[in-house]
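Trainee: Chains as they are written, first to last, in my numbering: chain A, 5 to 467; chain B, 3 to 148.
Just so you know, the hints here were simulated from the structure itself, not pulled from any lab data.
Just so you know, even glycine gets a beta-carbon here, dropped at the ideal spot from N, CA and C.
Just to be clear, a hint being listed does not mean it is correct.
Claimed, not checked - Partial list, derived from the structure: chain B residues whose beta carbon lies under 10 Å from chain A:
#, residue
1, Glu9
2, Arg11
3, Val13
4, Trp19
5, Gly48
6, Ile50
7, Lys57
8, Ala60
9, Glu103
10, Arg106
11, Trp109
Claimed, not checked - Calculated from the model, a selection of chain A residues having no Cβ within reach of chain B, i.e. all distances over 12 Å:
#, residue
12, His11
13, Gln111
14, Ala364
15, Lys424
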Amino acid sequence: MMDAGRHPNIKLMTYSEVEEVSGYVGNFRVKVRQKPRYVDMDLCTGCGACVEACVFKKGVPNEFDEGLSRRKGIYVPMNGQGVPMKAVVDEDACLYLKRGKCVQKCQEVCPTQAIDFDQTESFVEVEVGSIVVATGFDKFDPGRLSAFGWGKSPNIIDGLQFERLSSATGPTGGEILTSDGKKPQRVAIIHCVGSRDANANAYCSRVCCMYALKHAHLVHDKAGAEVFEFYMDIRAFGKGYEEFYERVQAEGVYFVRGRGAEVVVLDDGQLRVKAEDTNLGVAVSLDVDMVVLATAMEPQRDADRVASLFGLSRSADGFFQEAHPKLRPFHTNTDGVFLAGACQSPKDVPDAVAHANAAAAEALVILDRGEVTISPTTAVVDENLCSACKTCLSLCPYSAISFVARNGSGVAEINEALCKGCGTCAAACPAGAITARHFSDQQILAELEGLFRASGTLVPGSG
Amino acid sequence: MSDNSFEPRIVGFLCNWCTYTAADSAGVGRMEQPPNVDIIRVMCSGRIEPAFILKAFARGADGVIVSGCHPPGDCHYSDGNFKTFRRMPLLEALLQQCGIESGRFHWGWISGAEAVKWAQLVRDFTAQVRELGPLNWQRELDSKEE
Numbered sequence: 005m006m007d008a009g010r011h012p013n014i015k016l017m018t019y020s021e022v023e024e025v026s027g028y029v030g031n032f033r034v035k036v037r038q039k040p041r042y043v044d045m046d047l048c049t050g051c052g053a054c055v056e057a058c059v060f061k062k063g064v065p066n067e068f069d070e071g072l073s074r075r076k077g078i079y080v081p082m083n084g085q086g087v088p089m090k091a092v093v094d095e096d097a098c099l100y101l102k103r104g105k106c107v108q109k110c111q112e113v114c115p116t117q118a119i120d121f122d123q124t125e126s127f128v129e130v131e132v133g134s135i136v137v138a139t140g141f142d143k144f145d146p147g148r149l150s151a152f153g154w155g156k157s158p159n160i161i162d163g164l165q166f167e168r169l170s171s172a173t174g175p176t177g178g179e180i181l182t183s184d185g186k187k188p189q190r191v192a193i194i195h196c197v198g199s200r201d202a203n204a205n206a207y208c209s210r211v212c213c214m215y216a217l218k219h220a221h222l223v224h225d226k227a228g229a230e231v232f233e234f235y236m237d238i239r240a241f242g243k244g245y246e247e248f249y250e251r252v253q254a255e256g257v258y259f260v261r262g263r264g265a266e267v268v269v270l271d272d273g274q275l276r277v278k279a280e281d282t283n284l285g286v287a288v289s290l291d292v293d294m295v296v297l298a299t300a301m302e303p304q305r306d307a308d309r310v311a312s313l314f315g316l317s318r319s320a321d322g323f324f325q326e327a328h329p330k331l332r333p334f335h336t337n338t339d340g341v342f343l344a345g346a347c348q349s350p351k352d353v354p355d356a357v358a359h360a361n362a363a364a365a366e367a368l369v370i371l372d373r374g375e376v377t378i379s380p381t382t383a384v385v386d387e388n389l390c391s392a393c394k395t396c397l398s399l400c401p402y403s404a405i406s407f408v409a410r411n412g413s414g415v416a417e418i419n420e421a422l423c424k425g426c427g428t429c430a431a432a433c434p435a436g437a438i439t440a441r442h443f444s445d446q447q448i449l450a451e452l453e454g455l456f457r458a459s460g461t462l463v464p465g466s467g
Numbered sequence: 003m004s005d006n007s008f009e010p011r012i013v014g015f016l017c018n019w020c021t022y023t024a025a026d027s028a029g030v031g032r033m034e035q036p037p038n039v040d041i042i043r044v045m046c047s048g049r050i051e052p053a054f055i056l057k058a059f060a061r062g063a064d065g066v067i068v069s070g071c072h073p074p075g076d077c078h079y080s081d082g083n084f085k086t087f088r089r090m091p092l093l094e095a096l097l098q099q100c101g102i103e104s105g106r107f108h109w110g111w112i113s114g115a116e117a118v119k120w121a122q123l124v125r126d127f128t129a130q131v132r133e134l135g136p137l138n139w140q141r142e143l144d145s146k147e148e
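Same shape as in the complex, but just chain B:
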């Protein structure tokens, strides 16, 4: 099912204080990662609206990652991540109803000290999305209309 020359495009919405810092450390530490993840920095995972993720898939993402500080105590803004914790499960359900496989959306928590975990996530998730193949939402919709 997967195309040999297909390189997944993955968008990561990362909170500045934790996961973005981890990703920065992973880079500084020269950890091995495939180049498929593009990062959009937000100050807090609580800033992330479900609309962003939907728009990312619509624009061409084959996979999306959302990651912030560990609840309950790590959020730089105290409880921004609690809101994320509430929003993401609902979004997951919505995505599935839209026909987006659950393997294309990953949300979780990576702290600023967990650079290794970030690099591992990038490796694992890229492989996972590569297996699923390109999303190509628009084309799926167009082909159904025919």
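Pulled out of the complex, with its shape left as it was, chain A reads as follows:
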């Protein structure tokens, strides 16, 4: 990420959103809304003095720590390590912006006078040749499945929250601790929460088995606790994955082959996990100090909006649809727009990197080549047949048809560069003057004849 931030050919527009996209491959115009940071990016050094000085001590949940810690109204993203490493004011949290009342200690202590509460949002238009959509994924909300007791105990956490516990930059400095600051003695990890579930998402989220194994290993290693994995299948499909699974088993992690069915919070705060051990054919019940839910990867909540902005389709599972699931997994049906990473489907880091590299390569090919190969299936008007009825003009979704003064009363003319070849005009022309190249009337009728000849059912005299 730091490399991307420093590369001379890469311009990072953070705290920005795409508002509008127009144009076509090689010539897109993208309108971007830049939200006000209230911090001058050229002056800010990311020193964090403002964060220390901010008087909003209570703060708001820190989204980088998945809600496990809090941050103030002004902050340097990613717990001080974001790219770019500059402060930003959250206008929904800042006391000055929300209530107009604050001594603004942040401005006082800033060594470079970088804080500027007069900033407003601005719009920028960029011209680009190709677009890569890499908008990522969102977490499944376990609150949708009440059996897991989400929200009823601070020790029922999800996979990403566990990652923050385990991280040296996280709320516990990398120690695995329960909410009362003690090391857990027993931890349960429940697979497939929200995945492979008729009540949530039918699909498998692909990454959870492996990170659940990683978590088990970390709990064992850092807290010395007993770990129980409640699983349906272990999907260890990648390079070194199966070997890691073997290793975790050898470390003494317990594997219970049965879907974690219920988590009950007991009066003393312990958590009772109930499941069926399908290998033994018995119901089991286990009291633990911490439950980690391996939750599903889902499309981002605003996938609808992003899809219509960029002309993307969505698959049945809600992720952005690739042009072909096997042969073109990072192309879309819109020329010049590509998909990278989990926005197309759940995937782990190695797969996301490969996918993104491929999308980037395709995006660069367009720019490097300097010309675009367009489809030959465009439509063309035969001037001699055109009766100037103008029926076709309003039908074209791309406004590719114009009426030109020629041949007496004028004729319709189709712009080949704009024409996408849908054939609607050809179907509608009452005079039959428009030919949809490669899908002409003669060609389609010939296909029909061929079908019936082949099956021996051609009606004689029907030609």
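Once you've looked at the hints, dock chain B against the given chain A.
Mentor: Showing chain B alone in chain A's frame:
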């Protein structure tokens, strides 16, 4: 009324981006379908002229399917399917006036992600047309002239 050895010949006019993709996926997914449907691919359901369907029946089709992307938002060409949406009901009325039973013509929308729906349509529609028997338009006309 239906002949035991009769195998309906059905022609499907499918749009490339949605229904044709679904049919392709149904094939890749090895979904069970009877072999009675022959597919003619067009880029957009908006390309489909009513004349194609009439010609299909005339040439020997016992049933015809037209399918494209779901309106309002799915059409790869933005609103080609809106034109289809306008043309097909008129065509249905015309077909009935020509003496072609309404059960022989199916038009609808199947997206590229709905392979299961396509396979189900092929199964259901084939059974439906098999019940109706062969169309044999020419023979009907000839017999009336006698």
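Trainee: Are the hints correct? Go through all of them and say.
Mentor: Going through the hints against the structure:
no. : hint   : verdict
1   : Glu9   : holds (9 Å)
2   : Arg11  : holds (5 Å)
3   : Val13  : holds (7 Å)
4   : Trp19  : holds (6 Å)
5   : Gly48  : holds (4 Å)
6   : Ile50  : holds (6 Å)
7   : Lys57  : holds (6 Å)
8   : Ala60  : holds (5 Å)
9   : Glu103 : violated (17 Å)
10  : Arg106 : violated (15 Å)
11  : Trp109 : violated (14 Å)
12  : His11  : holds (35 Å)
13  : Gln111 : holds (47 Å)
14  : Ala364 : holds (25 Å)
15  : Lys424 : violated (6 Å)
Against the hints set out earlier in the document, violations occur for numbers 9, 10, 11, 15.
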